[in-house]
Amino acid sequence: MALDQSFVGRTYPPTPAYEVGREKIREFAEAVGDAHPAYVDAEAARALGHPDVIAPPTFVFSITFKAAGQVIEDPQLGLDYSRVVHGDQKFAYARPVRAGDRLTVTSTIERIKSMAGNDILDIRGEVHDESGAHVVTAWTKLVARAAEEA
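Start counting the sequence shown at 1; every next residue gets the next number (our numbering).
Note that these hints are calculated values from the structure, not bench results.
A few of these clues could be false.
Once the Cα atoms are required to be at most 25 Å apart in a straight line, the calculated BS3-like pairs of lysine-lysine come out as [unchecked claim]:
#, residue 1, residue 2
1, Lys141, Lys90
2, Lys66, Lys90
3, Lys113, Lys141
4, Lys113, Lys24
5, Lys66, Lys24
6, Lys66, Lys141
7, Lys90, Lys113
8, Lys66, Lys113
Working from the sequences, and respecting the hints, build out all of it.
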């Protein structure tokens, strides 16, 4: 059954603040194989004009995807997550994520499209720091595959 188009534009409450730690940044950079010194060395980051180490660009996915859980788990939406695959991800940064940031994410359903029996769900996550300043917008595309007919 197709997802309800009336959910387009629905915004979910901001998440509790997530505190970005140096160790989490280091672990993430190591996991993705990115050895940029600004991700692990505060002095290297300062030399580039940052107050502390910064996170690789895709680091924010870990918190925006968790925030998208509010959408995914909304029983009124009716998304069958067992049929979902990750379709796409993109980011638009106002500034890098850095150690010490306390970030919240507000998720909005930006688009629902049905194609060939599949539902395609676009979720926008607006990430702000504790002062309310915009840090990054992340878009997540999820594809709920059509149920196979018996």
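Hints versus structure:
| no. | hint | result |
| --- | --- | --- |
| 1 | Lys141 x Lys90 | holds (9 Å) |
| 2 | Lys66 x Lys90 | holds (16 Å) |
| 3 | Lys113 x Lys141 | holds (11 Å) |
| 4 | Lys113 x Lys24 | violated (35 Å) |
| 5 | Lys66 x Lys24 | holds (15 Å) |
| 6 | Lys66 x Lys141 | holds (14 Å) |
| 7 | Lys90 x Lys113 | holds (18 Å) |
| 8 | Lys66 x Lys113 | holds (22 Å) |
Going through the hint list in order, the structure does not satisfy hint 4, though it satisfies all others.
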